[in-house]
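Peer 1: With the hints as constraints, model all of the structure from the sequences given.
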Amino acid sequence: MKTETIAAIATAVSNGGISIIRVSGSEALDVVDKIYITKGGNRRIKEYDSHTIHLGNIEDQGMLIDEVLVSVFKGPNSYTAEDVVEINCHGGVLVTKKILELCLKNGARSAEPGEFTKRAFLNGRIDLSQAEAVMDLINAKSDYALKSSVNQLKGNIHDKVVSIRKQLILDVAFIEAVLDDPEHYEFGSYQDELKSRLIDQVKELNKLLNTADNGRFVREGIQTVIVGKPNAGKSSLLNLLVGSEKAIVTNIEGTTRDIIEESIQIDGVCLNIIDTAGIRDTENVVEKIGVEKAIEYIDRADLVLYVMDGSRELNENDRSIMEKIKNKNAIILLNKTDLTQVVKESEVRQLINKPVFAISAKCEEGLEEVRKCIKEMFFQGDLSFNDQVYITNARHKEALSDAVKSLNQVLQSIEDGMPEDFLSIDLMSAYEKLGEIIGESVGEDLINTIFKEFCMGK
Numbered sequence: 001m002k003t004e005t006i007a008a009i010a011t012a013v014s015n016g017g018i019s020i021i022r023v024s025g026s027e028a029l030d031v032v033d034k035i036y037i038t039k040g041g042n043r044r045i046k047e048y049d050s051h052t053i054h055l056g057n058i059e060d061q062g063m064l065i066d067e068v069l070v071s072v073f074k075g076p077n078s079y080t081a082e083d084v085v086e087i088n089c090h091g092g093v094l095v096t097k098k099i100l101e102l103c104l105k106n107g108a109r110s111a112e113p114g115e116f117t118k119r120a121f122l123n124g125r126i127d128l129s130q131a132e133a134v135m136d137l138i139n140a141k142s143d144y145a146l147k148s149s150v151n152q153l154k155g156n157i158h159d160k161v162v163s164i165r166k167q168l169i170l171d172v173a174f175i176e177a178v179l180d181d182p183e184h185y186e187f188g189s190y191q192d193e194l195k196s197r198l199i200d201q202v203k204e205l206n207k208l209l210n211t212a213d214n215g216r217f218v219r220e221g222i223q224t225v226i227v228g229k230p231n232a233g234k235s236s237l238l239n240l241l242v243g244s245e246k247a248i249v250t251n252i253e254g255t256t257r258d259i260i261e262e263s264i265q266i267d268g269v270c271l272n273i274i275d276t277a278g279i280r281d282t283e284n285v286v287e288k289i290g291v292e293k294a295i296e297y298i299d300r301a302d303l304v305l306y307v308m309d310g311s312r313e314l315n316e317n318d319r320s321i322m323e324k325i326k327n328k329n330a331i332i333l334l335n336k337t338d339l340t341q342v343v344k345e346s347e348v349r350q351l352i353n354k355p356v357f358a359i360s361a362k363c364e365e366g367l368e369e370v371r372k373c374i375k376e377m378f379f380q381g382d383l384s385f386n387d388q389v390y391i392t393n394a395r396h397k398e399a400l401s402d403a404v405k406s407l408n409q410v411l412q413s414i415e416d417g418m419p420e421d422f423l424s425i426d427l428m429s430a431y432e433k434l435g436e437i438i439g440e441s442v443g444e445d446l447i448n449t450i451f452k453e454f455c456m457g458k
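Take the sequence shown: its letters are residues 1 to 458, numbered as in full-length UniProt numbering.
In short, the hints are calculated from the structure, not lab data. Any given hint could be a false lead.
[What the hints assert, rightly or not] Lysine to aspartate or glutamate pairs mimicking EDC-like chemistry, simulated, CA-CA at most 16 Å apart: (1) Lys397 with Asp267; (2) Lys74 with Glu112; (3) Lys39 with Glu59; (4) Lys375 with Asp267.
[Claimed, not checked] Cβ-Cβ distance ranges computed for the label pairs, FRET-style: (5) Val150 with Arg197: 53 to 59 Å; (6) Ser50 with Ala12: 23 to 29 Å; (7) Arg319 with Ser263: 46 to 52 Å; (8) Asn317 with Ser263: 26 to 32 Å; (9) Ser263 with Arg395: 51 to 57 Å; (10) Lys207 with Arg312: 45 to 51 Å; (11) Ala12 with Glu112: 15 to 21 Å; (12) Lys326 with Gly16: 25 to 31 Å; (13) Asn448 with Ser401: 23 to 29 Å.
Here the structure is a predicted model, which is why all the values come from computation and not from measurement. Glycine included, C-beta positions come from ideal geometry on N, C-alpha and C.
Peer 2: Rendered as structure tokens:
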């Protein structure tokens, strides 16, 4: 099938070692042939074998633009399942844009964001969940996010969904046969087998759904807010976690007034950390705004790291903070163990039922147990990526949830003795919902929305 030929810069548009211009479509080989000359003088890229690389020049009406390496991938054995040429040029912004311009002048059009991956999906090389995994792979902020997206790209979700859908459509077909030809097909003997199978399918889908919360943390990171009274050591903790002086540290209370955000990895888990202003009663207008923002971030946080100054007596500000975090995932960090302690861990545990750890942000002591606690709190100690599939996409979670509801409705209808056509309707609903995950049952608008989130050239 003839398709439009598209071209785009596939690497970041900035000065670097190399840049890549990707061309895909029915005329991809012809487009590049018009501007590429091999070192031997043979211009015909079509004559080259697929999956080969060739040294040559890009020229514009006899003028040398750059010396390049050209990679040839002939469809359907390419990223898009079409003919693809990738021009590897020197990484200057000007030369990269010039080569793209020549491709556009010679028959290609500028690719839309995500159009290469969209074509891979439309041409059947990958399903929609795998296409979304490409974006997750690009945006991965932690080792766990990277592993999860790679597993999804390999088709782990696809395989489970396809297996269940195949059986569902067979069940629908049998029920339709019963309705059309009751003399030759008997539903009664099939009912127990169907019920047993549906129970197993619901268990399998619920198992996937139960990974969704962890999946969100894997994909997006744990939204973490550092709170405490002024001068408790919040900024020192942030600097220690980040490994650089992101926040100003002084002995003056109220130094931090703006919100400081930074992302870090702890044992493969991404923490999106927000350092907030010290929480206390204040008449200072600017500081008051910072305190209000800190309280807002507590409400939205997945994890609260409450930094206490162990060298100072607790007061009403501490009790106010404890009240605000009592229903949150929170860890109490009794800071400044390098100084004489007046607050004991046991005293804090009596006031709030949260994990308490004595640390010294200044001396970089005590954080190892905190790291373990975070992983235990959110991932029950560890995440395994050998065979486990994690649902990291909200769209997938919603579709799975709807499919489970439909299958449970089928089970209820069997118990209630409902007519077979009722069962068929709900089985088809589950089939369609699972199809949304892999792109078998989605409209063009949703497909376009998903791929518009991709970067140019992907």
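Peer 1: All the hints need checking, so say for each whether the structure fits it.
Peer 2: Going down the list of hints, with the structure as the test:
Straight-line distance between C-alpha atoms of Lys397 and Asp267 comes to about 26 Å, which puts the hinted pair past the 16 Å bound. Restraint check for Lys74 and Glu112: the C-alpha separation of about 21 Å exceeds 16 Å, so the hint is violated. Of the pairs offered as hints, the one joining Lys39 and Glu59 holds, with about 12 Å between alpha carbons and a cut-off of 16 Å not exceeded. Restraint check for Lys375 and Asp267: satisfied, since their Cα atoms lie roughly 8 Å apart, inside the 16 Å limit.
Checked against the hint of 53 to 59 Å, the C-beta distance between Val150 and Arg197 comes to roughly 31 Å, which is inconsistent with it. Taking the beta carbon of each, Ser50 and Ala12 are about 27 Å apart, inside 23 to 29 Å as hinted. About 31 Å separates the C-beta atoms of Arg319 and Ser263, a value inconsistent with the hinted range of 46 to 52 Å. In this structure the hint that Asn317 and Ser263 lie 26 to 32 Å apart at CB holds, the actual value being about 29 Å.
At about 24 Å, the CB distance of Ser263 to Arg395 disagrees with the hint of 51 to 57 Å. Distance hint check for Lys207 and Arg312: the Cβ-Cβ separation is about 48 Å, which falls inside the suggested range of 45 to 51 Å. In this structure, Ala12 and Glu112 meet the distance hint of 15 to 21 Å, their C-beta atoms being roughly 18 Å apart. In this structure the hint that Lys326 and Gly16 lie 25 to 31 Å apart at CB is violated, the actual value being about 50 Å.
Judged by the Cβ atoms, the range 23 to 29 Å given for Asn448 and Ser401 holds: they are separated by roughly 24 Å.
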